[in-house]
Amino acid sequence: MVDIPASVDRSSSLMISYLLRRLAFLAGSLFLAGVVIFLLLRLLPGDPANSLLSVGATPEQIAAARHEIGSDRPLPEQFVTWLGQLATFDLGNSFISSLPVGPEITSRLDVTVPLTLLSFLLAVVIAVPVGFVAARRSATWYGTLINGISQLGIAVPVFWIGMILITVFALRLGVLPAGGFPQDGWALPGEALTSLALPVITVALVMSASLVRYVRSAALDVLGSDYLRTARALGSSFNRAMWRHGMRNGAVPVVSVLGIELATTLLGAVVVETVFALPGLGSLLAQAVAQHDYPTVQGVLFVSTFAVLVIGFLSDVAQRLIDPRLRGRLSGGAR
Amino acid sequence: MSERTTDEPTTDEPIRDEPITEEPTAVELTKTAPDTGEEPGGPGRSGRPGAASVPVRRRRSPALVAGCVLVGLIVAVALVSLFWVPYAPDDTTGGRLMSPGLPHLLGTDKLGRDLLTQLMTGARIALEAGLGAIAIGTALGLCAGLAAGFATRWLDDTLSTLLDVLIAFPTLLLAMLMVAARSASLSSAVLAIGFAMTAVVARLTRILVKRVLAQDYITAARTSGTSWPRVITGHVLPNIWPTLVVNLAQQFGLAVMTEASLSFLGLGAPPPNASWGRMLHEAQATVFTAPTGVIAPGVLLVMLVVGVNLIADGLRDALDPTRRRTR
Numbered sequence: 001m002v003d004i005p006a007s008v009d010r011s012s013s014l015m016i017s018y019l020l021r022r023l024a025f026l027a028g029s030l031f032l033a034g035v036v037i038f039l040l041l042r043l044l045p046g047d048p049a050n051s052l053l054s055v056g057a058t059p060e061q062i063a064a065a066r067h068e069i070g071s072d073r074p075l076p077e078q079f080v081t082w083l084g085q086l087a088t089f090d091l092g093n094s095f096i097s098s099l100p101v102g103p104e105i106t107s108r109l110d111v112t113v114p115l116t117l118l119s120f121l122l123a124v125v126i127a128v129p130v131g132f133v134a135a136r137r138s139a140t141w142y143g144t145l146i147n148g149i150s151q152l153g154i155a156v157p158v159f160w161i162g163m164i165l166i167t168v169f170a171l172r173l174g175v176l177p178a179g180g181f182p183q184d185g186w187a188l189p190g191e192a193l194t195s196l197a198l199p200v201i202t203v204a205l206v207m208s209a210s211l212v213r214y215v216r217s218a219a220l221d222v223l224g225s226d227y228l229r230t231a232r233a234l235g236s237s238f239n240r241a242m243w244r245h246g247m248r249n250g251a252v253p254v255v256s257v258l259g260i261e262l263a264t265t266l267l268g269a270v271v272v273e274t275v276f277a278l279p280g281l282g283s284l285l286a287q288a289v290a291q292h293d294y295p296t297v298q299g300v301l302f303v304s305t306f307a308v309l310v311i312g313f314l315s316d317v318a319q320r321l322i323d324p325r326l327r328g329r330l331s332g333g334a335r
Numbered sequence: 001m002s003e004r005t006t007d008e009p010t011t012d013e014p015i016r017d018e019p020i021t022e023e024p025t026a027v028e029l030t031k032t033a034p035d036t037g038e039e040p041g042g043p044g045r046s047g048r049p050g051a052a053s054v055p056v057r058r059r060r061s062p063a064l065v066a067g068c069v070l071v072g073l074i075v076a077v078a079l080v081s082l083f084w085v086p087y088a089p090d091d092t093t094g095g096r097l098m099s100p101g102l103p104h105l106l107g108t109d110k111l112g113r114d115l116l117t118q119l120m121t122g123a124r125i126a127l128e129a130g131l132g133a134i135a136i137g138t139a140l141g142l143c144a145g146l147a148a149g150f151a152t153r154w155l156d157d158t159l160s161t162l163l164d165v166l167i168a169f170p171t172l173l174l175a176m177l178m179v180a181a182r183s184a185s186l187s188s189a190v191l192a193i194g195f196a197m198t199a200v201v202a203r204l205t206r207i208l209v210k211r212v213l214a215q216d217y218i219t220a221a222r223t224s225g226t227s228w229p230r231v232i233t234g235h236v237l238p239n240i241w242p243t244l245v246v247n248l249a250q251q252f253g254l255a256v257m258t259e260a261s262l263s264f265l266g267l268g269a270p271p272p273n274a275s276w277g278r279m280l281h282e283a284q285a286t287v288f289t290a291p292t293g294v295i296a297p298g299v300l301l302v303m304l305v306v307g308v309n310l311i312a313d314g315l316r317d318a319l320d321p322t323r324r325r326t327r
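Respectively, the protein sequence lines represent chains A and B. Following the numbering used here, the numbering of the first sequence begins with 1 at its first residue and continues without gaps. Following the numbering used here, the numbering of the second sequence begins with 1 at its first residue and continues without gaps.
Bear in mind the hints are in silico, worked out from the structure with no lab data behind them. Hints should not be assumed to be uniformly reliable.
Here are some, though not all, of the chain B residues that point toward chain A, as calculated from beta-carbon distances under 7 Å [to be verified]:
(1) Leu173
(2) Met176
(3) Met257
(4) Leu265
(5) Thr292
(6) Val294
(7) Gly298
(8) Val299
(9) Val305
Here a beta-carbon is modelled for each residue, glycine too, at the ideal position from N, C-alpha and C.
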């Protein structure tokens with residue numbers, strides 16, 4: 001896997017052309033995602049103006065409401081207006097509170113981003129060693145046990161684990177808060193971290209259950225590979241062979257899964273935030289959906305889709321950095 | 001996450017973001033999928049030359065049997081609930097938060113509704129959600145995947161880019177969007193989960209179809225005058241369905257989880273249709289006084305999803321000839 005000097009030029013130029021193509025793809029899919037979100041909200045039955053009106057509104061009131069939010073204009077025009085707003089980071093005003101959506105989303109990210117990143121880190125720290133041990137010792141009783149637990153873990157809904165952890169650690173033992181987040185946010189980092197502890201553990205447990213399976217399967221591939229056997233036959237110690245050849249080869253599929261997991265966690269936050277009463281992006285979305293607050297729904301969806309696509313981009317780039325052989329291929333999928 | 005959320009996603013569709021080229025074999029497709037049916041004895045064994053030629057008698061897969069038992073139990077409960085439940089689902093005449101015993105076998109919830117009744121109805125709702133989403137996802141996804149697999153380069157590129165974006169769009173969000181635009185109901189949930197599944201099924205179908213179409217027997221069939229429709233029904237579908245069925249079984253589990261998550265958020269089937277997710281939501285406040293209300297729906301949900309995942313694993317072992325041979 002060590003680059004031969006003569007090939008360095010070609011390899012890095014491949015990487016640059018890859019980055020350019022992948023960026024174009026990112027821009028394209030972002031635009032497409034914008035179209036999908038926009039159309040979904042417009043084409044589904046029910047005028048967004050309805051949420052501004054009370055039952056029994058007169059036709060004049062309906063027309064006025066439609067005019068106010070612009071839903072009486074043709075779709076392409078509405079779409080261009082929306083794109084123009086997006087370009088200036090203006091996500092519109094909430095129907096319910098009349099406050100701008102953008103700053104509201106930013107303040108919610110203060111909860112959701114730390115929650116996502118911390119659980120992600122914790123899950124990686126748990127899953128990588130456990131998955132490796134499960135593969136290396138797959139014939140032992142604890143290898144089988146790890147396998148069984150992770151099989152069970154992927155079937156457990158995250159909110160159920162959350163409720164059980166609340167019952168045990170908050171209600172019975174009283175060591176951690178059951179939910180909520182300090183009013184001042186991160187002004188008191190200790191308190192903020194304590195209130196994130198249970199949610200982070202909940203998400204990390206569920207996430208590592210599925211990660212363990214991927215790490216185990218990647219490690220099994222590496223352990224059974226010809227190149228590892230060859231390296232060992234040439235006199236390399238197991239640790240050295242794993243370090244030089246195994247890690248790099250095994251990392252590619254794991255990084256690909258990590259990208260998906262990170263994205264899922266970010267969006268899965270909606271359920272966890274509901275369980276723990278956290279004022280995050282997910283609970284904003286759930287609330288906006290319940291209130292038919294279209295600008296907020298649209299804004300949150302766009303921001304989270306943007307995040308998901310960027311995570312996909314980073315994960316694809318990381319895979320190409322690890323494995324230069326992939327550089328000829330645009331993204332994870334076959335193309 | 002659940003879908004685990006997480007979405008999500010919990011069991012993430014293992015195939016969907018794998019770097020798959022046009023060439024890999026069926027073994028490679030399942031390679032990075034978490035495989036649980038690994039034989040003790042380790043990975044080195046299957047790769048040994050000569051291992052393939054030794055005929056090994058295939059045992060009945062314990063995963064498949066265990067999965068069928070778990071799912072069978074839930075199906076039986078759901079079927080019974082069609083004809084008989086102990087009380088009416090909206091009967092609030094029982095005392096509030098009664099402990100398990102007589103006359104309410106599993107006790108009652110905070111409104112005095114019989115827990116067993118709700119659990120039984122919940123089994124039906126969960127299965128309806130899973131089956132409905134699978135039906136929509138398979139019907140649309142198979143068509144889209146076949147179209148992309150057969151399409152010209154340009155159309156194929158467009159379709160698969162579209163699929164990539166749709167897959168990046170998480171099921172739970174799509175479902176919430178659907179609920180926002182329609183109303184909170186089982187059909188909204190099923191439609192949204194089914195649509196989200198469509199993209200996953202379509203993408204897998206496309207990859208599988210391309211792989212089959214590159215085979216010599218397709219060329220042979222075409223040269224000997226077989227029409228495309230006959231090629232599809234006679235060669236393409238029979239060759240892709242084993243992988244597809246395994247994937248659909250996993251998707252079924254995901255669909256059930258997503259429906260539970262939606263109901264937990266209050267966006268699923270409205271009362272009196274008891275859904276396990278909504279039962280959990282309602283019981284959250286009284287977890288101390290009436291723990292059965294939290295434990296029972298969760299256990300059933302896990303039973304169903306574990307059962308379906310076990311069936312998927314068992315099917316993969318049974319249907320994939322390359323895995324069978326290396327046993």
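Now the hints, each set against the structure:
no.	hint	in the structure
1	Leu173	6 Å, holds
2	Met176	5 Å, holds
3	Met257	6 Å, holds
4	Leu265	5 Å, holds
5	Thr292	13 Å, violated
6	Val294	6 Å, holds
7	Gly298	4 Å, holds
8	Val299	9 Å, violated
9	Val305	4 Å, holds
Of the hints listed earlier, those the structure fails to meet are numbers 5, 8, in rising order.
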